[in-house]
Amino acid sequence: MNNDTNMITIKGVQKWFGSHHALQDIDLDVKTSEVVVILGPSGSGKSTLCRTINRLETIDDGTIEIDGQPLPDESASLARLRSEVGMVFQQFNLFAHMTVLENVMLGPVQVQGKKSAEARERAMELLARVGVGSQADKRPAQLSGGQQQRVAIARALAMNPKVMLFDEPTSALDPEMIKEVLDVIVELTKAGMTMVVVTHEMGFAQTAADRIIFMADGRIVEENTPDAFFSNCKSDRAREFLSKVL
Amino acid sequence: MTTTLFEIPGPRERRSIRAWTAGGAVPIIALVVVAVVVLKDAGLFAGDDWAVLGRTDLLMALLRGVGATLKAAAFTVVLSLMFGLLLALGRMSQQRWINVPARIWVETLRGLPELLLVFFIYLGVPAATGFNISTFWALVVGLVLYESTSMAEVFRGGFLALPRGQTEAAHAMGLRTVKTLRFVQLPQVVPQVLPSLVSEMVRVTKASSLGFVIGYTDLLLTGELAIEYLGGEYAAPVFAAVAALYVVICLLLTRLSHYLSERLGS
Chain A
1 MNNDTNMITI
11 KGVQKWFGSH
21 HALQDIDLDV
31 KTSEVVVILG
41 PSGSGKSTLC
51 RTINRLETID
61 DGTIEIDGQP
71 LPDESASLAR
81 LRSEVGMVFQ
91 QFNLFAHMTV
101 LENVMLGPVQ
111 VQGKKSAEAR
121 ERAMELLARV
131 GVGSQADKRP
141 AQLSGGQQQR
151 VAIARALAMN
161 PKVMLFDEPT
171 SALDPEMIKE
181 VLDVIVELTK
191 AGMTMVVVTH
201 EMGFAQTAAD
211 RIIFMADGRI
221 VEENTPDAFF
231 SNCKSDRARE
241 FLSKVL
Chain B
1 MTTTLFEIPG
11 PRERRSIRAW
21 TAGGAVPIIA
31 LVVVAVVVLK
41 DAGLFAGDDW
51 AVLGRTDLLM
61 ALLRGVGATL
71 KAAAFTVVLS
81 LMFGLLLALG
91 RMSQQRWINV
101 PARIWVETLR
111 GLPELLLVFF
121 IYLGVPAATG
131 FNISTFWALV
141 VGLVLYESTS
151 MAEVFRGGFL
161 ALPRGQTEAA
171 HAMGLRTVKT
181 LRFVQLPQVV
191 PQVLPSLVSE
201 MVRVTKASSL
211 GFVIGYTDLL
221 LTGELAIEYL
231 GGEYAAPVFA
241 AVAALYVVIC
251 LLLTRLSHYL
261 SERLGS
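As you go down the protein sequences, you meet chains A and B in turn.
Every letter in the first sequence is one number past the one before it in the numbering used here, and letter 202, counting from 1, is 202.
Every letter in the second sequence is one number past the one before it in the numbering used here, and letter 26, counting from 1, is 26.
Hints in this document: simulated from the structure, not taken from any laboratory.
None of these values were measured; they are calculated from a predicted model.
Every residue, glycine too, gets a C-beta built ideally from N, C-alpha and C.
Careful, some of the hints might be misleading.
Simulated crosslink set (DSS-like; lysine-lysine; CA at most 30 Å straight-line) [as the list claims (entries may be wrong)]:
| hint | chain 1 | residue 1 | chain 2 | residue 2 |
| --- | --- | --- | --- | --- |
| 1 | B | LYS40 | A | LYS115 |
| 2 | A | LYS234 | A | LYS244 |
| 3 | A | LYS162 | A | LYS11 |
| 4 | A | LYS11 | A | LYS234 |
| 5 | B | LYS179 | A | LYS138 |
| 6 | B | LYS179 | A | LYS114 |
| 7 | A | LYS162 | B | LYS179 |
Take a look, some chain B residues computed to stay more than 10 Å from chain A by CB distance [to be verified]:
| hint | residue |
| --- | --- |
| 8 | GLY24 |
| 9 | LEU31 |
| 10 | THR56 |
| 11 | LEU58 |
| 12 | VAL78 |
| 13 | MET82 |
| 14 | PHE83 |
| 15 | GLY111 |
| 16 | PHE159 |
| 17 | ALA170 |
| 18 | ARG176 |
| 19 | LYS179 |
| 20 | VAL184 |
| 21 | VAL193 |
| 22 | GLY215 |
| 23 | PRO237 |
The following residues of chain B were derived to be distant from chain A, with all beta-carbon distances above 10 Å [what the hints assert, rightly or not]:
| hint | residue |
| --- | --- |
| 24 | GLY90 |
| 25 | LEU175 |
| 26 | LEU230 |
Please put together the full structure from these sequences, using the hints given.
Structure (structure tokens):
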């Protein structure tokens with residue numbers, strides 16, 4: 001139990017890939033139920049930062065805490081923490097050899113010890129919620145990209161996570177499928193989920209984010225509300241970026 | 001999934017392919033005919049000699065040889081699959097105290113001839129421990145020492161070919177090493193490497209014939225002993241029968257693997 005309302009606390013984080021300083025002096029707090037969107041040019045470190053939160057990338061200095069607990073380094077405690085942090089990948093990463101339903105059931109049954117019947121019921125509920133209920137017995141390869149990503153979101157939600165991480169969830173999708181996935185993510189924001197979203201979708205950032213984090217060259221360059229950021233950003237770097245994407 | 005090495009042929013190329021196929025068959029058939037004629041003149045196909053294959057005692061001995069070969073092959077395959085997987089996992093481990101010895105083990109043993117390993121076990125175990133190891137176990141252990149490293153490399157290749165995202169998604173969900181292996185990695189790696197594993201198993205079956213060197217009466221040694229007993233003029237028919245039996249065994253193994261891969265793929 002913690003007293004402050006910060007779900008994620010990142011302090012003084014540094015990361016190097018060899019000699020490349022990928023993350024520099026990162027300080028970031030994410031409150032419970034807050035939706036933080038990370039924007040920036042490629043190579044800015046935004047995906048790397050997102051992946052350090054569940055330790056898919058390690059950090060070389062600084063601390064990360066989730067719900068008051070420091071991020072463990074390994075084994076059972078790390079696995080337990082990861083089961084409470086849902087992640088949605090750019091490449092979906094659905095388990096190719098399992099059906100859609102089995103994909104969504106695997107976590108609850110094998111990680112959380114839920115009974116098969118209970119997990120199945122919840123999985124069908126979630127699949128219906130994201131709009132792919134009829135695809136439950138198909139293999140991922142038989143689904144479109146947009147459907148696969150929605151299954152991936154259902155799979156992450158099945159674990160009842162405290163936090164959801166989205167690493168460029170729509171970047172690998174055909175344009176006509178982006179909306180169906182963003183709609184699901186927006187619905188999640190309205191349901192009060194704490195979220196960190198790395199994206200290039202400016203429309204989504206403007207309407208759904210509580211806070212925008214702009215990164216460049218491994219640093220957090222600017223932090224603001226969406227309205228303030230998009231209409232009147234403070235830094236030159238951000239202005240340059242916006243002029244190219246808007 | 002289709003893999004095309006060449007372009008789909010146009011009409012001229014198709015005519016050319018047909019011509020070469022027909023034309024190429026002629027010298028091959030001619031060679032076979034010449035070979036048969038020459039061997040016939042040398043007396044290889046003398047009817048009386050080949051009649052030896054009708055002897056029940058010979059056939060029973062050969063069948064026992066088949067059994068012995070299959071037994072050695074089966075044990076070797078199962079054990080080398082198990083140890084091969086363990087070695088592969090050891091080599092991929094993050095912990096240096098596991099992956100360094102595993103790597104040294106694999107790279108050393110792969111450089112040694114299997115026959116040497118079989119001899120080493122057969123002569124070394126009694127010398128070191130006084131325990132008189134049977135020819136069967138000397139053969140199996142010797143072969144497993146080598147084969148497990150081959151299997152390990154096959155498995156490792158399969159793991160490296162698996163997209164990283166599959167393992168990342170499993171870990172991001174809280175699945176730990178053993179469960180990730182069991183539910184995400186192996187179910188995808190094994191069907192992928194099955195063709196390579198099968199060709200290794202076929203090779204192992206043939207490698208079991210090395211047992212004749214230490215006196216394990218497998219199919220090959222049985223054939224040799226039969227010729228010594230019956231007479232050298234029966235070498236051709238007996239060896240032909242032995243060869244045919246080996247081919248049948250290997251074909252059946254390939255059949256079995258296709259059946260298995262279909263069951264796994266569903």
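Unmet hints by their number, sorted upward, for this structure: 1, 17, 18, 19, 20, 25
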